[in-house]
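The numbering of the sequence shown is our numbering, which starts it at 638 and goes up by one.
Nothing false has been slipped in among the hints.
DSSO-like mimics (lysine-lysine), calculated; alpha carbons at most 30 Å apart, straight line:
1. Lys823 <-> Lys713
2. Lys704 <-> Lys823
3. Lys785 <-> Lys704
The hints are simulated quantities; they were obtained by calculation from the structure and are not laboratory data.
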Amino acid sequence: MTDTTRCLASWTRLAIALIAVAGAGSPAQSQTDTAQRRDTAQKLPTTTIREATENLPEPFLRRSRIKGAGRFLVAKDIERLNPSHTPQLLARVSGGDIRDIGGGNIAIVGSRGTRLTMSGSVPNQLCIVGLALNDIRLPDGYDLKAIKPEDIAGLEFYNGPSSIPPELGGNVQGDANCGLFVIWLKDFRRRPK
Numbered sequence: 638m639t640d641t642t643r644c645l646a647s648w649t650r651l652a653i654a655l656i657a658v659a660g661a662g663s664p665a666q667s668q669t670d671t672a673q674r675r676d677t678a679q680k681l682p683t684t685t686i687r688e689a690t691e692n693l694p695e696p697f698l699r700r701s702r703i704k705g706a707g708r709f710l711v712a713k714d715i716e717r718l719n720p721s722h723t724p725q726l727l728a729r730v731s732g733g734d735i736r737d738i739g740g741g742n743i744a745i746v747g748s749r750g751t752r753l754t755m756s757g758s759v760p761n762q763l764c765i766v767g768l769a770l771n772d773i774r775l776p777d778g779y780d781l782k783a784i785k786p787e788d789i790a791g792l793e794f795y796n797g798p799s800s801i802p803p804e805l806g807g808n809v810q811g812d813a814n815c816g817l818f819v820i821w822l823k824d825f826r827r828r829p830k
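Let's have the full structure, built from the sequences with the hints guiding it.
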């Protein structure tokens, strides 16, 4: 039995138990309610989790199972956030800012707190959050508006070098200091332009 199936089965059992506790009444009413609840429980959608993950690539699914590694959103999560464009979505997820970096390009930048110097504490410089599209690292300044939020199947966000998986350059210095986004397009076999 997969983790997804076990999770869904646990939630279904919990829902049935809660319904049973909430609906305790007269024996006649209880039998009718129990029959109705069984019908309802049998009609619960059992493919919700499967539908949410079946169109996602294996690397996204594998990394999303690692506790505390990053933040993971699927298309339905993105739809609920209702961003007007991808830079807005990434800024919301990361807590970073959208900045014009010249040449008509924008980037998500983060500020990693303060550092101590001999003259006192000084704010760190802003640094650009890295970006990968369909698991391929992209250069700074990639046109984020070229990716429409409705085309995104999944989004991974890692907020610093220690949380970035090694296969995505987590042990490499540079933009890893501010984190990394991995955007998966619904057609994730498509290569970035």
